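Engineer: Using the hints, position chain B against chain A.
Residue strings, one per chain:
2 protein chains.
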Amino acid sequence: MAGIGPGAADLITPRARLAIEQAEIVIGYRTYLDLVTDFLKPGQKVLSSSMMQEIDRCRKALELAESGGRVTMVCGGDPGIYAMAGLVFELARRNGCSPPIEIVPGVAALSSCAAVLGAPLTHDFASISLSDLLTPWETIEKRLHAAAQADFVIVLYNPRSKKRTSQIMRARGIILGYRPGETPVGMVSSASRTDESMRLSTLEDMPDEDIDMRTTVIVGNSRTFTWQNRMITPRGYRDKYGLG
Amino acid sequence: MAGIGPGAADLITPRARLAIEQAEIVIGYRTYLDLVTDFLKPGQKVLSSSMMQEIDRCRKALELAESGGRVTMVCGGDPGIYAMAGLVFELARRNGCSPPIEIVPGVAALSSCAAVLGAPLTHDFASISLSDLLTPWETIEKRLHAAAQADFVIVLYNPRSKKRTSQIMRARGIILGYRPGETPVGMVSSASRTDESMRLSTLEDMPDEDIDMRTTVIVGNSRTFTWQNRMITPRGYRDKYGLG
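Chains as they are written, first to last, in our numbering: chain A, 1 to 244; chain B, 1 to 244.
Excised from the complex, chain A in its bound form (with noise of 0.2 angstroms):
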């Protein structure tokens, strides 16, 4: 399983980058595959599927390993952060199959994000996903309510889809009852891609409507700040260095 990073040919590692172009056969979801055809080479069979595939581009991908194939299965990001790696060896086990399993990182989302937007993530952070799909809504707002309370930098994944519309602004208004308003909040989408927008909001002006899945939100701790259009969290909490 090769992580591709964001999107960027740039930020894709030469590992990720061999992992590719070695495959007999490269299988992934259609936009991550996109992003790489400069490295597919003739003779390589391609496998792409729909997002809602998940499951069925992991059994098959199991299934070509185990017959022989050397596979290579593409991930947008890291593939070990809200990705496939985990439900490849859930299905793994689940058909007593192993075939050797390689994971290779890449730059996740959050840390392409982190990057347009500044330096968000220099002190404890929590990252959530707001998918209800395969999470309880009740555990989401657990995690919210945990993470806000004890002042973490906090990273929400998929924080809306066409369908799921309202979690965004519920999960801002748990957050609200724990950090002022003026809380920095940036919003990233497609980064790295050459549709990438970032913008610097607060919580109490957080834009519902800018938010989409290709979004991620990150929402500062009590000590995070914004200076030239950028949002960075202090490392420390002490003014050891007088920097404060």
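If you're looking for bench data, these hints aren't it; they were derived computationally from the structure.
As the structure is a prediction and not an experimental result, all values here were calculated from the model.
No residue lacks a Cβ here, since even glycine has one placed at the ideal position from N, Cα and C.
Careful, some of the hints might be misleading.
Below, computed lysine to any residue pairings styled on SDA-like, alpha-carbon distance capped at 25 angstroms [stated by the list, open to error]:
#1 A:Lys162 x A:Pro180
#2 B:Lys163 x A:Thr226
#3 A:Lys60 x A:Pro42
#4 B:Lys142 x A:Leu176
#5 B:Lys142 x A:Arg172
#6 B:Lys162 x A:Pro180
#7 B:Lys60 x A:Lys163
#8 A:Lys142 x B:Lys142
#9 A:Lys142 x B:Glu141
#10 A:Lys142 x B:Glu138
#11 B:Lys60 x A:Pro234
#12 A:Lys60 x B:Glu138
#13 B:Lys142 x A:Gly173
#14 B:Lys60 x A:Thr226
#15 A:Lys142 x B:Gly173
#16 B:Lys142 x A:Lys163
#17 A:Lys163 x B:Pro180
#18 A:Lys142 x B:Pro180
#19 B:Lys142 x A:Pro42
#20 A:Lys142 x B:Gly177
#21 A:Lys60 x B:Glu141
#22 B:Lys142 x A:Val46
Restraint ranges, calculated between C-beta atoms of paired labels, are given here [stated by the list, open to error]:
#23 A:Pro180 x B:Leu134: 21 to 31 angstroms
#24 B:Glu209 x A:Cys97: 47 to 57 angstroms
#25 A:Glu204 x B:Met169: 34 to 44 angstroms
#26 B:Met169 x A:Pro180: 33 to 43 angstroms
#27 B:Ser98 x A:Ala9: 21 to 31 angstroms
#28 A:Glu204 x B:Asn95: 29 to 39 angstroms
#29 B:Arg170 x A:Arg223: 43 to 53 angstroms
#30 A:Gln22 x B:Lys142: 43 to 53 angstroms
Structural biologist: Then chain B, alone, in the frame of chain A:
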């Protein structure tokens, strides 16, 4: 600022490599510079420093950039996660200087360590540094309680140093207040380097002595399991697809 990832040359992105190659001045902690010597060019000025000279290093980089030099600061992992990105912005703001600063994201330690372990981070996680040099221990404790109570996978950075030896076992004790002793724990040192090591254990049996400043510790959530020497967190709490 260029993040070079965990250490292996083939996990450095082309963008980070180019930033190093095109710099007039390359600046960084000695250990990280040693990992990129192959990319350095004759004629480049290289400034290396020891771990504890972080402020001086960032100040120097800003000064040189302000006076027109093309400076690249090399960071291990991702420059935005517990690294120098925040400090550079803090210093720039304080000094009222603002040379253009670009953050080139890298493969973070949490991504590379997760890849070595299997797939421990495929659901919500909290990242906590156990270093109380810049953060009061009470704040760290509060976060450990919150993360453990809300069933986050927990990534522990800086678990131990020569001088700070008790924190990791205190953290373990706190988490054990919320999770059973058999909860999987993964420990990875020097991911992707020649001296890489990984070990799986449980909260109950977690070995104190194998952990040092190069180790990242990942504690599973209530669903995390081990299989064939891998640590895997299922992505769903709902057995929607009959994978339970």
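Engineer: Taking the hints in turn, state whether each one holds.
Structural biologist: Taking the hints in turn, this is what the structure says about them:
Restraint check for Lys162 (chain A) and Pro180 (chain A): not satisfied, since their Cα atoms lie roughly 29 angstroms apart, outside the 25 angstroms limit. A hinted pair counts as satisfied when its Cα atoms are at most 25 angstroms apart, and Lys163 (chain B) with Thr226 (chain A) does not qualify at roughly 35 angstroms. A C-alpha spacing of about 21 angstroms is found between Lys60 (chain A) and Pro42 (chain A), which places the hinted pair at or below 25 angstroms, so the restraint holds. Note on Lys142 (chain B) and Leu176 (chain A): the hinted pairing holds, with a Cα-Cα distance of about 19 angstroms set against a maximum of 25 angstroms.
Distance restraint check for Lys142 (chain B) and Arg172 (chain A): the Cα-Cα separation of roughly 22 angstroms lies within the 25 angstroms cut-off, and the hinted pair is therefore satisfied. For the proposed pair Lys162 (chain B) and Pro180 (chain A), the alpha carbon gap of about 39 angstroms is over 25 angstroms, so the pair is violated. Between Lys60 (chain B) and Lys163 (chain A), the direct Cα distance comes to roughly 50 angstroms. Violation of the 25 angstroms bound is thereby established for this hinted pair. The hinted pair formed by Lys142 (chain A) and Lys142 (chain B) meets the criterion: a straight-line CA distance of about 16 angstroms does not exceed 25 angstroms.
Between Lys142 (chain A) and Glu141 (chain B) the alpha-carbon distance is near 18 angstroms, which keeps this suggested pair within the 25 angstroms criterion. Taking the CA atoms of Lys142 (chain A) and Glu138 (chain B), the gap is near 22 angstroms; set against the 25 angstroms cutoff, the hint holds. At roughly 19 angstroms between alpha-carbon atoms, Lys60 (chain B) and Pro234 (chain A) fall within 25 angstroms of each other, so this suggested pair holds. Proximity of Lys60 (chain A) to Glu138 (chain B) is assessed by CA-CA distance (about 49 angstroms); at most 25 angstroms being required, the pair is judged violated.
The suggested pairing of Lys142 (chain B) with Gly173 (chain A) holds, with an alpha-carbon distance near 22 angstroms, which does not exceed 25 angstroms. Between the alpha carbons of Lys60 (chain B) and Thr226 (chain A) the distance comes to roughly 23 angstroms, so the proposed pair stays at or under 25 angstroms and holds. For the suggested pair Lys142 (chain A) and Gly173 (chain B), the alpha carbons sit about 22 angstroms apart, so the restraint of at most 25 angstroms is met. For the given pair, Lys142 (chain B) sits about 36 angstroms from Lys163 (chain A) by alpha-carbon distance, which is inconsistent with the 25 angstroms threshold.
As the CA atoms of Lys163 (chain A) and Pro180 (chain B) are separated by approximately 37 angstroms, the hinted pair breaks the 25 angstroms bound. Proximity of Lys142 (chain A) to Pro180 (chain B) is assessed by CA-CA distance (about 19 angstroms); at most 25 angstroms being required, the pair is judged to hold. For the hint linking Lys142 (chain B) to Pro42 (chain A), the alpha-carbon distance of about 55 angstroms lies beyond 25 angstroms, and the restraint is violated. Among the hinted pairs, Lys142 (chain A) with Gly177 (chain B) is consistent with the structure: their alpha-carbon atoms are about 17 angstroms apart, no more than 25 angstroms.
The hinted pair formed by Lys60 (chain A) and Glu141 (chain B) fails the criterion: a straight-line CA distance of about 44 angstroms is larger than 25 angstroms. This hinted pair does not check out: Lys142 (chain B) and Val46 (chain A) have alpha carbons roughly 48 angstroms apart, beyond 25 angstroms. At roughly 23 angstroms, the beta carbons of Pro180 (chain A) and Leu134 (chain B) sit within the given window of 21 to 31 angstroms. As the Cβ distance of Glu209 (chain B) to Cys97 (chain A) is approximately 36 angstroms, the hint placing it in 47 to 57 angstroms is violated.
For Glu204 (chain A) and Met169 (chain B), the hinted distance range of 34 to 44 angstroms is satisfied, since their beta carbons lie about 41 angstroms from each other. Take Met169 (chain B) and Pro180 (chain A): their Cβ atoms lie about 36 angstroms apart, and the range 33 to 43 angstroms holds. Checked against the hint of 21 to 31 angstroms, the pair Ser98 (chain B) and Ala9 (chain A) passes, with Cβ atoms roughly 29 angstroms apart. Distance hint for Glu204 (chain A) and Asn95 (chain B): a CB-CB separation of about 30 angstroms, consistent with the stated range 29 to 39 angstroms.
For Arg170 (chain B) and Arg223 (chain A), the hinted distance range of 43 to 53 angstroms is not satisfied, since their beta carbons lie about 24 angstroms from each other. Judged by the Cβ atoms, the range 43 to 53 angstroms given for Gln22 (chain A) and Lys142 (chain B) holds: they are separated by roughly 47 angstroms.
Violated hints for the displayed structure, listed by number in ascending order: 1, 2, 6, 7, 12, 16, 17, 19, 21, 22, 24, 29.
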